[in-house]
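Novice: Next come the chains, spelled out residue by residue.
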Amino acid sequence: MTPLTGYLLIAALLFAIGLAGALTRRNAILVLIGIELMLNAANLNLIAFWRYSPHPEALTGMMFAIFSIAVAAAEAAVGLGLVIQIHRHAHTTDLDQMNRMKG
Amino acid sequence: MSFAFYLIAGLSVAGALAAVLLKNTVHCALALTVAFAGLALLFLQLDAQFAGFAQILVYIGAVAILVVFAILLTRGSETPKDGVYSRNPLIGLVIAAAIFAVFGWAILNSTSFLPHESAKPVVSVMDIGNALMGRYILPLEIVALLLTAALIGAVIVAMHEKDGAQ
Amino acid sequence: MLTQEEQTVAFKCMSDCGPAVITQLLWLIPAVPMLASGVIALLKQPKRKTASTLAIGSLAFSLLLALIAFAHVLSGWASGKAVRETANFTWIQVGSSHVDLGWVLDPLSAIMLVMVTFVGLLIFIYSTGYMAHDENYTRFFCFLSLFAGAMLGVVIANSILLLFMCWELVGLTSYLLIGFWYFKPSAAAAAKKAFLTTRVGDVFFLLGIVWLFGQTGTLLFYNGGSGSMELSALTGLLQQHAAFGLTAATAIGLLIFAGAAGKSGQFPLHVWLPDAMEGPTPVSALIHAATMVAAGVYLIARVYPLMQAGALAGGTTTSLTVVTWVGAFTAVFAALIAVAQNDIKRILAYSTVSQLGYMMAGLGMGGVAVGMFHLITHAFFKALLFMGAGSVIHGCHEEQDIRHMGGLKKYMPLTFATYGIGMLALCGVPIFFSGFWSKDGILEAGKHWSVSSAPYYMLVFGAVLTAFYMTRQVSYVFFGAYRGHAHPHESPKSMTTPLAILAFFAIALGAIGTPAWPWFSAFLGNRASALDLHAFAEPAWLMLLLTSCAIVAVGIGISWWLYGSKSPAATEPDVLERAVPPIWAALRDRLYMDELYGVTVIAFYSWWARVADWLDRRVFGGIVSLVAWLFALWAKLNRFLDTNVVDGTFDKSCEEISTGGGLLSSLQSGRAQTYLRILALAVVALAAILIWSSRA
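Residue numbers (our numbering), protein chains in the order written: chain A, 1 to 103; chain B, 1 to 166; chain C, 1 to 696.
Keep in mind that a hint or two might mislead.
Simulated pairs of lysine to any residue, SDA-like, Cα-Cα distance not exceeding 25 Å [stated by the list, open to error]: (1) B:Lys81 / A:Gln97; (2) B:Lys81 / A:Thr5; (3) B:Lys23 / A:Gln97; (4) B:Lys162 / A:Thr5; (5) A:Lys102 / B:Asn88; (6) B:Lys23 / A:Gly6; (7) A:Lys102 / C:Gly660; (8) B:Lys81 / A:Ile86; (9) B:Lys120 / A:His91.
What follows is a set of in silico ranges between Cβ atoms, one per label pair, in the way DEER data are often shown [as the list claims (entries may be wrong)]: (10) B:Ser2 / A:His55: 18 to 28 Å; (11) C:Glu656 / A:Pro54: 53 to 63 Å; (12) A:Gln97 / C:Ala682: 45 to 55 Å; (13) B:Gly83 / C:Phe650: 33 to 43 Å; (14) B:Leu90 / A:Glu57: 29 to 39 Å; (15) B:Ile137 / A:Glu57: 39 to 49 Å; (16) C:Ser694 / B:His27: 33 to 43 Å; (17) A:Pro54 / C:Ser694: 34 to 44 Å; (18) B:Leu44 / A:Lys102: 20 to 30 Å; (19) B:Leu90 / A:Gln97: 15 to 25 Å; (20) C:Ser694 / A:Lys102: 33 to 43 Å; (21) C:Leu641 / A:Asn99: 40 to 50 Å; (22) A:Asn99 / C:Thr649: 18 to 28 Å; (23) A:Pro54 / B:Leu145: 46 to 56 Å.
For the record, the hints were derived by calculation from the structure and aren't laboratory data. For each residue, glycine too, the CB sits at the ideal point set by N, CA and C.
Only chain A is shown next, with the shape it has when bound in the complex (with noise of 0.2 Å):
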């Protein structure tokens, strides 16, 4: 088992987690919870490959990173946002109540 292996396992595992969370929680904001853990899951993936791949110097892998990031955070704002004005309309987060688009 190469480190590569063991980071790109562990990332794997946050992942999963992090998609559990956001299936099964009630709470919206948990549900974003486990979508930020999502893509840090991923930021590990890429810096991992970035750190064995053949040519580190050309820093694609943290570029990549720090977008992400940057994107995640705008991401968890607006999401957020829109949570708390849900939460003034409904006066729940309860994402089970939230069913509106109901076909």
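Use these hints to put chains B and C onto chain A, whose structure you have.
Specialist: The following block gives chains B and C in isolation, referenced to the frame of chain A:
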């Protein structure tokens, strides 16, 4: 695979698990912070110092705080009456497990193609700055725009509505 | 009678000499009266003088042509060569078969032409007086003209088809004239009866025509050797065999006789003739005494070669035997009924039926000349009698019952004189009257008939009866005291002049048929004839003369003794009625022939009509209703299919789609996490596939 790796990995995983499993939402946010910290340490171990510090600054310093604020603003600290898990949590677990299984299987089956060891990269901040201003100038600008839009958007989204048209 | 061979030899001239001009123009004789009839039909009622002038004028013209034709034939006969000229033409050609029409001029047709036109003309003149007060004067002359044309067409026809066409036309005009006063129900019924009864005969006639045409291949009687009355055709017919052991010739002959029997009122188709007296008296005189009823006799004379075919010398054929028996029976039958009648015209009608029987018997036993001579003489004296009766009716103001007349001889002397002459001629009073000579000829032929002498005795009995009932009639009408309520007066000149002319001929015509100078039979048979007074001295003839005197004496004597100048009151029963009431009743009721018809034919027809009605309503109507019901059912089925299957399918499928949509939309739970789960699942699947495929 050094001992440090296992330690930090375990910390991250534990934090992640706690973030997903705990009942109290604030505890979840705090556990998330621990997970972020663990990840930052992993970045540092992978010789991506800038990324690690960026992780600490942005994620722990901004996103985690933001999450806590959101939780507090939406009274997430109160225990919900229907339970914390949504309907049929088992299916979600199964799906997540399946994802992990697939990824794990992919990873483990491709170990032969992965490099074992490579030279430690030396990345200075100047290199990163050069890359940002050189090769990645366009993504930089776009991200700047994105951040601006997100900023404005978040403000608008979270704003109290005035009576009548907004 | 000449045999076939002799006749052919005699007539061999016909292919050598072409038809004379008069023969070519022969068609004018019937055409002109028909044309006059057409013109009169277009006239309005007030133009009475024009109508009668046209009619009389056209018939006078026809008479002139007939006399010219007769003169031509006579000159030919006198110079010893036979005259039988034909003018034939093809009317319709279909492939190889063709329908021919044509006319023939020979002694038979010449004599008949003269008789019909002359008697017809006299009756036309008579009608101007008789129908003067009738409001349908123009219509009367229109029909009379049409009748005259049609009858003349029958006479000259050389094609059996042309004969049949004119035959039917004669029947039609008879119907129109019998039912002239159509507003009288009895007249309308009588017209219908006449038409239907003669129709029965005509059906058989038509069958005979078709058979004849089919067998011989030609419609023409005489056609230069290939006609149906000529040797080759007749030989062919004799060889053909029909059912019941008869030859085709006999069968066809019997069929044609059936047609003649209808028109000439032979038993059992005689029932229409007495009822036909519903028509005006000129009609009765012309049609039902002189001409139309004679058409049947003329037809038999025309097809005599066919009837006679196969007869050995001195013998006779089956057809002629049948003709004789029917004729003899009719003669006696009708004479019996005439005894008990009280209507002046009805007595004369039954007398006509009886005399027609005589003519048929004469044809059967004695040949063409014998029968035709009686036809000619009968035409004259019967027309005379009818016209005299018309004069009496007119003079007694439309009274027809003889019990309400009497003693008219002093009121209407001219009528009485002419009527008396006619009556004596009919009775066959010897020597002076033509009726004696013609009837004598028939009796002589009957005496020598090879098959049996029963017809002879029947005819003798019939003659006695004739004398009896005619005397009865005359004594009732002209003798004794007047029992009526009107003021009888003599008729105008327009009516009495024709009576006188006919009376003259009733006497004079006898001269041409005496054994001393048998001009008539010689003319018809194309032999020479010479005056031979020694014929009077022959014992056979003297025997016959004696018999006739006896007949007349007995008949007139008994009748005069019974009736004489006594005039029983109208309400008193007749002398004979008191004597033998049941026989009298039977005779007065016409021997129940009409009742018999009513019970058998008419009852059967009513039953058949009911069956047909039931069939039509129940069976065919049922079938139609069934078809309609089936269609309705089919329509209902279609509607059911359309509503349930087609629409149902469509509706169901729409419902299914809707339900499916509903089902599918239930996937949209609205819950974000559900969507996420599905997304994640898809990712799992995709990743697995990708990784798997890249590994392979």
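Novice: Now tell me, hint by hint, if it's right for this structure.
Specialist: So, going through the hints one by one against the coordinates:
1. B:Lys81 / A:Gln97: Distance ~12 Å between lysine 81 (chain B) and glutamine 97 (chain A) Cα, so the pair holds.
2. B:Lys81 / A:Thr5: The given pair, whose Cα atoms are some 42 Å apart, is violated under the 25 Å limit.
3. B:Lys23 / A:Gln97: holds, 19 Å
4. B:Lys162 / A:Thr5: Given that 25 Å is the threshold and the Cα spacing comes to 54 Å, the pair is violated.
5. A:Lys102 / B:Asn88: holds, 18 Å
6. B:Lys23 / A:Gly6: Distance ~30 Å between lysine 23 (chain B) and glycine 6 (chain A) Cα, so the pair is violated.
7. A:Lys102 / C:Gly660: Holds, at roughly 16 Å.
8. B:Lys81 / A:Ile86: holds, 19 Å
9. B:Lys120 / A:His91: violated, 52 Å
10. B:Ser2 / A:His55: 18 to 28 Å: Holds, since serine 2 (chain B) and histidine 55 (chain A) (Cβ atoms, about 25 Å apart) stay within the stated range.
11. C:Glu656 / A:Pro54: 53 to 63 Å: holds, 59 Å
12. A:Gln97 / C:Ala682: 45 to 55 Å: The hinted range 45 to 55 Å is violated for glutamine 97 (chain A) and alanine 682 (chain C), with Cβ atoms some 26 Å apart.
13. B:Gly83 / C:Phe650: 33 to 43 Å: violated, 48 Å
14. B:Leu90 / A:Glu57: 29 to 39 Å: Given about 47 Å between the Cβ atoms, the range is violated.
15. B:Ile137 / A:Glu57: 39 to 49 Å: About 18 Å separates the Cβ atoms of isoleucine 137 (chain B) and glutamate 57 (chain A), which means 39 to 49 Å is violated.
16. C:Ser694 / B:His27: 33 to 43 Å: holds, 42 Å
17. A:Pro54 / C:Ser694: 34 to 44 Å: violated, 20 Å
18. B:Leu44 / A:Lys102: 20 to 30 Å: Check failed, 47 Å falls outside 20 to 30 Å.
19. B:Leu90 / A:Gln97: 15 to 25 Å: holds, 21 Å
20. C:Ser694 / A:Lys102: 33 to 43 Å: Holds, at about 39 Å.
21. C:Leu641 / A:Asn99: 40 to 50 Å: Distance hint for leucine 641 (chain C), asparagine 99 (chain A) holds at roughly 45 Å.
22. A:Asn99 / C:Thr649: 18 to 28 Å: violated, 36 Å
23. A:Pro54 / B:Leu145: 46 to 56 Å: For leucine 145 (chain B) against proline 54 (chain A), whose Cβ atoms are near 33 Å apart, the range 46 to 56 Å is violated.
Violated hints, listed in ascending order, are 2, 4, 6, 9, 12, 13, 14, 15, 17, 18, 22 and 23; each of the other numbered hints is respected by the structure.
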